[in-house]
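These protein sequences, in sequence, are chains P and X. Its first residue numbered 1, the first sequence is counted upward by one per residue in the numbering used here. Its first residue numbered 172, the second sequence is counted upward by one per residue in the numbering used here.
Hints may contain errors.
[Stated by the list, open to error] Restricting the straight-line Cα-Cα distance to at most 20 Å, the calculated cross-link-like pairs of lysine to aspartate or glutamate (DMTMM-like) are: (1) K553/X with D41/P; (2) K48/P with D108/P; (3) K48/P with E552/X; (4) K6/P with D588/X.
[Unchecked claim] Just the calculated beta-carbon pair ranges, DEER-fashion: (5) T548/X with T71/P: 32 to 42 Å; (6) T689/X with G50/P: 18 to 28 Å; (7) T222/X with K6/P: 47 to 57 Å; (8) V598/X with K6/P: 27 to 37 Å; (9) S118/P with E552/X: 13 to 23 Å; (10) G62/P with A324/X: 38 to 48 Å; (11) P323/X with S118/P: 44 to 54 Å; (12) E552/X with H112/P: 22 to 32 Å.
Rather than coming from a laboratory, the hints here were simulated on the basis of the structure. Yeah, the Cβ is synthetic: ideal placement off N, Cα and C, and Gly gets one too.
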Amino acid sequence: MTRKQKRLAVIAGGMSFILVAVLLVMFAFSQSVAYFFMPADLAKADIKPGTRIRLGGLVAEGSVKRGQGSTVSFTVTDGTGNVPVTYTGILPDLFREGQGVVTEGAFDAASHGFVADSVLAKHDENYMPKEVADRLKKEGVWEDGKGSKGQANQGQTNQGQNTGAKGTATR
Amino acid sequence: MIIEIGHYALVLALATALILSVLPVIGARRGDAAMMALAPTGSLVLFALVTLSFGALTWAYVVSDFSVANVWENSHSLMPLIYKYSGVWGNHEGSMLLWLLILVFFSALVAVFGGNLPDTLRANVLAVQAWISTAFLLFILLTSNPFLRLDPAPAEGQDLNPVLQDFGLAVHPPLLYLGYVGFSVCFSFAVAALIEGRIDAAWARWVRPWTLAAWTFLTAGIAMGSYWAYYELGWGGWWFWDPVENASFMPWLAGTALLHSALVMEKREALKIWTVLLAIMTFSLSLLGTFLVRSGVLTSVHSFATDPTRGIFILCILAIFIGGAFVLFAWRAPMLKAGGIFAPISREGALVLNNLILTVATATVLTGTLYPLILETLTGEKISVGAPFFNMTFGLLMLPLLVAVPFGPVLAWKRGDLLGALQRLWVFAGLSMFAGLAFFYIQNGGPVLAIFGLALGFWGMIGALADLWYRGNFAKVGFSVGVKRLIGLPRSVFGTAIAHFGLGVTVLGIFAATTFGTETVVEMKQGASVDVGGYSLTYDGLRDAVGPNYTESRGHFAVSRGGVEVADVWSSKRLYTARRMPTTEAGILTFGLSQLYVSLGDAMEGGGMVVRIWWKPFILCIWGGALVMMAGGFVSLSDRRLRVGAPSRKAKPVKARLEAAE
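Please model the entire structure based on the sequences and the hints provided.
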């Protein structure tokens, strides 16, 4: 091979590696990306059982029931729609009735309930998953700092002007 | 008063940084030595001012001065002293100040150790560093000022977020920033070289130690963060492909590529333009990481506040620096002379392969991280890209690299002999395969594919040793002469071998822990037992305890093997009183390199507890490997050829001999 051919071979090798990577990324996106829904959306969207989605909303008051072993069932609501969810495992520390959650899983073909394999309610006591907060705020169901333990915030909003606005959002 | 001094020092620092941004560049253009000489002095002054400012904030935390808003929001008088210190960077404002402190620290290091740099290059590099400092000083002063006061001062603080009250977190941000921000020096060198339009092997020699230092600290920082997430969050996982983790991982990948391409440039004057581009990209990814973490576009433990002005400000910094650097690159790069040709099968070729794979892998991580953000901005659709995506793309793409790693160091520069290398290494490949099989057999169970994963880990480890074996030529000259030969080799050779060995250890840990690990969720009543990973755990009931700023109920477990009690472990649920925030403190028992991880769930009716127990075999290899990689970085840094300012003339005859030996 001449030098030119060698160089071409190297470039072709590099390009094909990049091509493989691009195809792989596209394939992975089609396989493993979960779309986010809230209960009200589900009426409009037709989601087949077994398709992985993320379901977010508030845990309905009084809906948490403990079943056999570590199986828990609860209802995710957004004011308009309700979806029953079952989950086996340990719930996060910050999982509470009236608080926001995001669950990931799929609808079960037989029971038509949502079976979650992960439940997120993250690190902060005011934590509202961002997707959920955005939507709920728009619909006026929930406001910043007004969770079930909302009273914890009331002392702060009238503390000094320069932090007043931040006090609720920061922690 | 001290707070006001700190605030004022920060303003003075801004003025200094502004002067430093302009005058040395003009000096370098005009050849004015006095103006260029301003750069090192000014950088030291800047460092002193920012240190003073940081010290003032630290003081406010140590004495719990709740009249400072930042301290009130993130501290508590009862908090242990070490967390009062770490609380300084456990929040947005303080953490940006730490970022800045480390940035000007690196500028000061360049000023001190840059004595052997040409005057114009040093002036330009320090000026570029000052541009970055100016941007971040403005950001801190305008949007994230930690020195704001409260009037009247509250009597008690709101406490630091409980998950951040931990030793791992106390050291994670400084280490991570030393890495992240360390790449700014490479960026500044690249931009300075583009401004001058001149670049040569000496440039790579100056840049490499900085890259190596930054890479070493970033390795440590990421490993620390991963270990922290593992034991503190109580989820038993060590890597979640969370955007925030990716934000620190991408500069690491690009930095690893930079480390290797700078090597080619230093030794063979090839890949010049690519190396400059990579230096710019690496720091751009660091900046992007800062944006992702600090702007609040992501919700995670790292986003302390969501204030849109901050996000837009950082986005502007990002656009100016990345955009500016790439424009400069497009304009100036054609002027740089390319040089050094080599055959595809050679050490250079292997390093190009390394760069290709690492950059493509970085690109996939970048795609997976940014795609949901971009999609949401454009269409409003919300998606989550999780571990399956990254395992499928990044995981698969990295496999060829792991196979190739042991080949690189045994190939010759310029024109290598792959067949020869294969002949030399096949014994070791066989050994690795055998070790993988043996490991699999001892642990028995798990998918057969795991054998290859395990073998890949051993391949990395044994391959690194094989490199040293051939360099010492042990087979021909016998043990004692071989050892003598090895001692004569430059330290960077050992650095390479150690770092590659560490990579193998990490890979082994990843495959062993994911393949042979088990997870058990059970409901346990007092006195009940469960078998996990060959050990038997007996639940011994809950006890209440009180800590300095929390209360907890601790579950006690006795661990026995073969009927003999070997250890006991406490796992607890804590409630931090100031924030009324519950956390789970996992109980972790270490057996050799493996760990038993016990996490408490909810109390059941009738006195039982839901308990989640993981058996994590060889999990410590994951972080241990990172430590070994870090050690490799330090060994390599101590190589006298890399030591910045080492007398080059005296070392010359020795160096010539050593290079021939390579």
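Each hint tested on the structure:
{"no.": "1", "hint": "K553/X with D41/P", "result": "holds (12 Å)"}
{"no.": "2", "hint": "K48/P with D108/P", "result": "holds (9 Å)"}
{"no.": "3", "hint": "K48/P with E552/X", "result": "holds (19 Å)"}
{"no.": "4", "hint": "K6/P with D588/X", "result": "holds (16 Å)"}
{"no.": "5", "hint": "T548/X with T71/P: 32 to 42 Å", "result": "holds (38 Å)"}
{"no.": "6", "hint": "T689/X with G50/P: 18 to 28 Å", "result": "holds (26 Å)"}
{"no.": "7", "hint": "T222/X with K6/P: 47 to 57 Å", "result": "holds (54 Å)"}
{"no.": "8", "hint": "V598/X with K6/P: 27 to 37 Å", "result": "holds (30 Å)"}
{"no.": "9", "hint": "S118/P with E552/X: 13 to 23 Å", "result": "holds (20 Å)"}
{"no.": "10", "hint": "G62/P with A324/X: 38 to 48 Å", "result": "holds (42 Å)"}
{"no.": "11", "hint": "P323/X with S118/P: 44 to 54 Å", "result": "holds (45 Å)"}
{"no.": "12", "hint": "E552/X with H112/P: 22 to 32 Å", "result": "holds (25 Å)"}
The structure fails none of the hints (numbered hints given earlier).
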